[in-house]
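Protein chains: 2
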Amino acid sequence: MAGKGKDASSSNTKGKKKEVKKETGLGLSVKKDDNFGEWYSEVVVNGEMIEYYDISGCYILRPWAMSIWEILQTFFDAEIKKMKIKNCYFPLFVSPGVLQKEKDHIEGFAPEVAWVTKSGESELEVPIAIRPTSETVMYPYFSKWIRGHRDLPLRLNQWCNVVRWEFSNPTPFIRSREFLWQEGHTAFMKIPNFLLLTKSCFISSCCRIKECLSCCGVKLLFLCWLQESFLVLEILELYRRIYEEFLAVPVIKGKKSEHEKFAGGLYTTTVEAFIPNTGRGIQGATSHCLGQNFAKMFEINFENDKGEKAMVWQNSWAYTTRTIGVMIMVHGDDKGLVLPPKIASIQTLNESGIRAEVDSRDNYSPGWKYSNWEMKGVPLRIEIGPKDLANNQVRAVRRDNSAKIDIPMANLVEQVNDLLNDIQKSLFEVAKQKRDACIHTVNTWEEFAEALIQKKMILAPWCDEEV
Amino acid sequence: MAGKGKDASSSNTKGKKKEVKKETGLGLSVKKDDNFGEWYSEVVVNGEMIEYYDISGCYILRPWAMSIWEILQTFFDAEIKKMKIKNCYFPLFVSPGVLQKEKDHIEGFAPEVAWVTKSGESELEVPIAIRPTSETVMYPYFSKWIRGHRDLPLRLNQWCNVVRWEFSNPTPFIRSREFLWQEGHTAFMKIPNFLLLTKSCFISSCCRIKECLSCCGVKLLFLCWLQESFLVLEILELYRRIYEEFLAVPVIKGKKSEHEKFAGGLYTTTVEAFIPNTGRGIQGATSHCLGQNFAKMFEINFENDKGEKAMVWQNSWAYTTRTIGVMIMVHGDDKGLVLPPKIASIQTLNESGIRAEVDSRDNYSPGWKYSNWEMKGVPLRIEIGPKDLANNQVRAVRRDNSAKIDIPMANLVEQVNDLLNDIQKSLFEVAKQKRDACIHTVNTWEEFAEALIQKKMILAPWCDEEV
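Each protein sequence line maps, in turn, to chains Y and B. Residues 1 to 467 in this note's numbering are what the first sequence lists, from first letter to last. Residues 1 to 467 in this note's numbering are what the second sequence lists, from first letter to last.
Extracted from the complex, chain Y is given alone in its bound form:
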């Protein structure tokens, strides 16, 4: 909002009396609990994350949002490189024949596909689709590149934009016609005789799989030990870490119902977040086991170590800029954004690696500046007034709970680091308590309906069969 008002004084003439900004017009006009939708639109714009664009459903990601995306990207990219997944870039465009090759898949995406039909003044001979996802873009080439078992596993990832021309309720970050994501695609040889471990084996194994099992139920118990699920779940764990460790948003790992699984895949695992204000769950990120459906359609075969022809198994997985929207919905308050320290592009104090910025603008009052940085969600504000200088201390103010802490200059770096860690932890704990308070276990349809009205998250018996 800087600089929007009249500003008649020069920044170069020190000592002159400054025209100080009025402290009005900066805050939000609606409260989060009163009108959640309006509040969200205001907070993403006033917090300078998003600018609405002249094409509906498209949004501008401003630097304040982009720096968060870059932090998540740096983390995830390093983790998948450790897993020997390599980055590549496939074209934005898909020819119609290839797009339509897997029937269930195209049925799932067809209504949202954007088509290029003209270049300059000329009609194209054949319309060309813009990728809504890249399974059908990539897999013809998997078929070409994979010949023998030594070419497996093939593990690729790309960072790119995709387009899904949806017409229902566009919402910044959450549902947009173009969005940024990573999409990973792997092909591998399945070892037919997998280890079927007993429950006692399982209990001594890694807790990540245990967590997953505890929410997915018995079906996944066996699947977990299949080779093809291993990477699916390792990636899902990275998605959990993005939400819980970076964005301080609690999520639940689980398996999608047949109805909600990825079109054309075998099964879909997901991290699901919950927005207490709307009482709705929201898909956080998904990791799919595609089985052999796409391999069949695109003829991704190889010669195994016995010289026999075999077919690959495949996984695909993605997370998007939606992550940022979920974080805003969970943590934001009536003053604006609340950013967890780990993803805030400004923390405090550049020495010792803390991301910080000094606001030395002298044409704004302290109060205006406080509101401005609160709107933008900076985790910790440090004020240095004449009294602080005299006492050789600073005053730190937490964004999450407004607590004020005086810190002696001598301990500054240490205490600021402690405070940032505490804010990160506390944001997650508060969000988790709020989420958990919404969980209701029900056993009858009446209980179910009642809990839904109360905006609860429902734990209910589930058979995943249509009657």
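No lab work stands behind these hints: they were computed from the structure. Certain hints may be false.
Intra- or inter-copy, both count: the list cannot distinguish identical chains.
For lysine-lysine, the following DSS-like pairs were computed, each having C-alpha atoms within a straight-line distance of at most 27 Å [stated by the list, open to error]: (1) K404 with K144; (2) K86 with K342; (3) K118 with K101; (4) K306 with K101; (5) K369 with K84; (6) K32 with K306; (7) K309 with K84; (8) K369 with K306; (9) K81 with K369; (10) K82 with K342; (11) K81 with K342; (12) K84 with K342; (13) K434 with K101; (14) K86 with K335.
Starting from the known structure of chain Y, fit chain B onto it as the hints suggest.
Chain B alone, transformed into the frame defined by chain Y:
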């Protein structure tokens, strides 16, 4: 090319006799000097940089190419962040009204614009363009965000894909219908009374500007000292470093003719490379001063420190994945790619930060492996045979000049580092000598025509005026 042949032996049965690959079919079928175009197509495919795609003019960037792009990206992104340029992301789509706002600009791009006219089965009300570049996408919002002089300078960058539906000679990396790039866009207040330095002042100043001047001639002498050119030239210097320091490709800095400048801009600076085999210069990357043309069209005004209404000046600048193609054309040889160590994703020896990979495949002969990695351009190959083991040494073979060097194990890291530095330097020197040998100074039209036929790079008097 691994795994394409028949492979009947298991990798798990050690001691068994392996079926060893024949050493045929791996090399290139044409020589660089015999058929440059064919050679290039083969080397990008066999070196696993590119896969041709089923839509003409679109190419798949495989991990071997993508890792080079990422190294260039890491360098450039860190440098521009030091210059307080911030990353953002604007939509892929442009509405026709906005696209056509700057007349000269749209005339330059119109024939290449791809248009989306359908989503699913529905016709769009208004066709929507895919960005060929983002001036017209971004600048309406510059107009909205910039109010007072304190909002300036505004310095944004984005990493993205752009589409230019060209019909002439698509060539991997060099001329493709979709490509990856960064595009920077800045708006700033011009200080009217700039320093007009005398020649003696200039000589004592930084050599970067001196270099630029030596090729751009007197016109740029004065422009260099205008504030609006400063960032233009700082960015151009980063582009020079990408080519010369990373890709080991010599470039010449200069200013484009009026005919070749960016459509709608004031003037365009460029780094130009030269391909001795074709005798043609090739645009490496461009940095434009847009002047106030776009500011006028998009009404990017602000209130200056005297309270008067003023108009911003603007720059924009970009480099693309073409960088990789130029590098391949300059260094590649009849054995395949030759990658400068600084951008090779595999160097030697992972300890001490050198990027290395062990090829322990036991179903390929050493000769086949040599050819395979030579095709992929790895700067340094280390062989360890029984004799080497006995002598406590390794044999290093340079990709650039095939020199063989025995290195005692005790000095391995140090000597490998020295060798890689020497290869990097030597690739640049060789390329520079070849380029310089092609430069001819001419004074008459006859000399000019003759030099052109001989595939020379021509230095000629130039007035930049149409007769």
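Structure-based check of each hint:
no., hint, in the structure
1, K404 with K144, "neither (62 Å within a copy, 36 Å between copies)"
2, K86 with K342, "both (26 Å within a copy, 19 Å between copies)"
3, K118 with K101, "both (24 Å within a copy, 20 Å between copies)"
4, K306 with K101, "neither (30 Å within a copy, 65 Å between copies)"
5, K369 with K84, "between (46 Å within a copy, 21 Å between copies)"
6, K32 with K306, "neither (63 Å within a copy, 41 Å between copies)"
7, K309 with K84, "within (26 Å within a copy, 56 Å between copies)"
8, K369 with K306, "between (71 Å within a copy, 24 Å between copies)"
9, K81 with K369, "between (41 Å within a copy, 24 Å between copies)"
10, K82 with K342, "both (21 Å within a copy, 21 Å between copies)"
11, K81 with K342, "both (21 Å within a copy, 19 Å between copies)"
12, K84 with K342, "both (26 Å within a copy, 21 Å between copies)"
13, K434 with K101, "neither (45 Å within a copy, 50 Å between copies)"
14, K86 with K335, "between (42 Å within a copy, 25 Å between copies)"
Checked against the numbered hints above, the structure violates hints 1, 4, 6 and 13; every other hint is satisfied.
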